[in-house]
Amino acid sequence: MSVTLAQAINRALADEMAEDERVLVLGEDVGRLGGVFRVTDGLQARFGDERCIDTPLAESGIIGTAIGLAIYGYRPVAELQFDGFSYPAFEQLVSHLAKLRNRSRGTLRLPVTVRIPYGGGIGAVEHHSESPESYWVHTAGLTVVTPGTPEDGYAMTREAIASDDPVIVLEPKRRYWMKADIDLPVAGPPAREAAVRREGHDVTIVCYGPMVRTALEAAEAAEEQGWSLEVLDLRSLSPLDTDAITASVRRTGRAVVVHEAARTLGMGAEVAARIQEVAFYHLEAPVLRATGFDTPYPPAKLEGYWLPDVDRILDLVERSLAY
Amino acid sequence: MVDDVTGAARAKRDPTSLLPPAEPVHLLDPDGTLHEDPDHPVELDDDALVAMHRTMIITRRVDREAINLQRQGQLGVYASCLGQEAAQVASAWALGEGDWIFPSYRELGAAIVRDVDPADLLHLFRGTWLSDHDPYEHRFALLSIPIGTQVLHATGFAMGARFDRNPLVTMVYFGDGGTSEGDPHEAMTFAGVMRAPVIFFVQNNQYAISVPLSKQTAAPTLAHKAVGYGLPGYRCDGNDPLATYAVTRRAVERARDGQGPAMIEAVTYRMEAHTTSDDPSRYRSDEELATAALTDPIARLRNHLRRRDLLDDATEQRFEQEAAERARAVRDAVYEAPHGDPLELFDHVTTVPRADLAAQREELRAELQRRADEGVDEGAGEGSESGGGA
Chain C
1 MSVTLAQAIN RALADEMAED ERVLVLGEDV GRLGGVFRVT DGLQARFGDE
51 RCIDTPLAES GIIGTAIGLA IYGYRPVAEL QFDGFSYPAF EQLVSHLAKL
101 RNRSRGTLRL PVTVRIPYGG GIGAVEHHSE SPESYWVHTA GLTVVTPGTP
151 EDGYAMTREA IASDDPVIVL EPKRRYWMKA DIDLPVAGPP AREAAVRREG
201 HDVTIVCYGP MVRTALEAAE AAEEQGWSLE VLDLRSLSPL DTDAITASVR
251 RTGRAVVVHE AARTLGMGAE VAARIQEVAF YHLEAPVLRA TGFDTPYPPA
301 KLEGYWLPDV DRILDLVERS LAY
Chain Y
1 MVDDVTGAAR AKRDPTSLLP PAEPVHLLDP DGTLHEDPDH PVELDDDALV
51 AMHRTMIITR RVDREAINLQ RQGQLGVYAS CLGQEAAQVA SAWALGEGDW
101 IFPSYRELGA AIVRDVDPAD LLHLFRGTWL SDHDPYEHRF ALLSIPIGTQ
151 VLHATGFAMG ARFDRNPLVT MVYFGDGGTS EGDPHEAMTF AGVMRAPVIF
201 FVQNNQYAIS VPLSKQTAAP TLAHKAVGYG LPGYRCDGND PLATYAVTRR
251 AVERARDGQG PAMIEAVTYR MEAHTTSDDP SRYRSDEELA TAALTDPIAR
301 LRNHLRRRDL LDDATEQRFE QEAAERARAV RDAVYEAPHG DPLELFDHVT
351 TVPRADLAAQ REELRAELQR RADEGVDEGA GEGSESGGGA
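Read top to bottom, the protein sequences are chains C and Y.
So for the first sequence, our numbering puts the first residue at 1; every next one is plus one.
So for the second sequence, our numbering puts the first residue at 1; every next one is plus one.
Excised from the complex, chain C in its bound form (with noise of 0.2 Å):
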């Protein structure tokens, strides 16, 4: 059947609680109005409101009572409502989500999971369309994963919940829409393990999220230019599979990644390091990015030109087999 990746999302979060009395939804909205993207649409109505818990409103205290119901011993998973509204919470996640499995001496248990729908390209006003995800990378103790189609956002939020670590979900919000044609519950492999979507073999495009999608249609008209590209999913972001990505710029000589964030210290950066690092004697071309750019995100009207689109990554493919 027709599934969306919001509904996907939705009934893994329903699965979990279902299977794991421990298991609770907290977050802005998320109960009565089913969250403003309707992922957590009839939980509360199906495992009351202690179960699915609407939060005063206020980023930090939703992680910072995550952790202490963690703590107790329950497994919450708590929503940040948009990728702008995660800074408010930047500490909690930071210095203690992040770390007091470590600071604890391996005694506490940290199960929660952090969902946090991202990006852009939905026309949406200021602060609702960021891509955060270098900040959590970046930090130790935190695995960040983010699902690409409706398959993996049952998987992937059905195995962060499962985890006994924090997970960050980081939810593409443009392609909360997408639709593929499955029966649930699903099965995926681990989210550490990077996807290929579509094998080829000129040129590696390492992408994730929302640029799953875009890779695929620039694939789709690559071939017109007789370009045969590989689309590799990543999945996870921490870790990071480098083995795949490696295994992936073996085969092709070349790689392109592509990802919404902005360019500098983007998870591009962190992929060209690691090609270079383990395959530099494969690599016919520099690793070159298909990104957002180094400014502040634009207003809606103009994002159209800020956001990696499929000739962007043409653009890139094309550079890259000149070398």
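Read the hints as simulated data drawn from the structure, not as lab findings.
Check each hint, because a few of them may be wrong.
Taking beta-carbon pairs under 7 Å as the criterion, some of the chain Y residues facing chain C (in silico) [stated by the list, open to error]:
id	residue
1	SER131
2	LEU142
3	PRO146
4	ILE147
5	THR155
6	GLY160
7	PHE163
8	GLU186
9	THR189
10	PHE190
11	VAL211
12	VAL349
13	ASP356
Ideal Cβ placement from N, Cα and C applies to all residues, glycine included.
Since the structure of chain C is provided, determine the placement of chain Y on it from the hints.
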């Protein structure tokens, strides 16, 4: 949300019921005279009073030892609780066995009540690890340095207890400076709405490093802040162990009874520097310190016990001796504690081992091996040139 909203409903009808008293609750004069107050009965038998006195003496002696250890170069920094022994010991005393404490970084007294080995806590200040006690065994969470952040953890934990119908209470310690941070504000907002059984225990020790209370807030008192969250604000003389105990006990039982959270402002005074790295002579006078010393909490309870013939010379001597022994044990444990194993850095990052960390662990292991092969002292580490701190 949760069933019992009667407290909130009552407060909405009469918000003045949440207001703190004009003066902090005070039962014991510095000379030991007790003023009984039917609203704040001290339900402690004589043995408990003497035991509390003993714990405060041990706290002070171990605290002094930690300062000495810093002077001897064994600790990088230490935050003393001198002068705040009653605020900590008497408030922790008011909790039940299963109740949880969420400390900041100055709560040696509360830790000793909970039987946490001070040497385990001092790892944080020595830099050998970040903590080394089991929070579940002692119901005592990790020391927390970022100001006010632990207040949310205590609140979340208490929300969990409420959802689980578990009659436990959490108590979180923070300071006058902490009340200016955002997290305690969010925590009290959450706790009020969720009726979480958490006691927000503010030790108003008059200074946030160098900044006095008058520059910290324009609120009439810190306890007044509670009203804005729908919580009752209580105030006690934090150098009065009996008032602190009675006020805390009432708040704890009220919370356990499902009547929701409360804030307590314990008015006390930080007799030592903020930490061993601080120089208080730059911001307060000797006269001020001398005046504050007149309200010493330990002398006060001692005077009371002596008046009532509950404490004789021999017992006092025994307590001092015990305290000295505890201090010696802490000193020995700190001196003898091995510096951390560098490879352990990789062991507790996540519960599930990560391949990338395993590879980095191997890099460090190889480095250590090379150093050992070259005869370089591996303990010599180039990292810290001086033990510093806030």
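Going down the list of hints, with the structure as the test:
A hinted interface residue such as SER131 (chain Y) counts as satisfied when its beta carbon comes closer than 7 Å to some beta carbon of chain C; here the least separation is about 6 Å, so the hint holds. At its closest, the beta carbon of LEU142 (chain Y) sits 6 Å from a beta carbon of chain C; the interface hint therefore holds under the 7 Å criterion. Interface restraint check for PRO146 (chain Y): the shortest CB-CB distance to chain C comes to about 5 Å, inside 7 Å, so the restraint holds. Below 7 Å, beta-carbon pairs count as interface contacts, and ILE147 (chain Y) has none with chain C, the closest being about 10 Å; its hint is therefore violated.
Because the beta carbon of THR155 (chain Y) sits about 5 Å from the nearest beta carbon in chain C, less than 7 Å, this interface hint is met. Here the hint on GLY160 (chain Y) is kept, as its CB sits about 3 Å from the closest CB of chain C, short of 7 Å. Using the Cβ-Cβ criterion of 7 Å, the hint placing PHE163 (chain Y) at the interface with chain C is satisfied: the shortest such distance is roughly 5 Å. Annotation: GLU186 (chain Y) was flagged as interfacial toward chain C, and the flag holds, the nearest CB pair being 3 Å apart, inside 7 Å.
Checking THR189 (chain Y) against chain C: minimum C-beta separation of about 5 Å stays under 7 Å; hint holds. Annotation: PHE190 (chain Y) was flagged as interfacial toward chain C, and the flag holds, the nearest CB pair being 5 Å apart, inside 7 Å. Because the closest C-beta pair between VAL211 (chain Y) and chain C is about 20 Å apart, greater than 7 Å, the hint is violated. The criterion of a C-beta within 7 Å of any C-beta in chain C is met by VAL349 (chain Y), whose closest approach is roughly 5 Å, and the hint holds.
Interface restraint check: ASP356 (chain Y) against chain C, minimum CB-CB distance 5 Å, threshold 7 Å, status holds.
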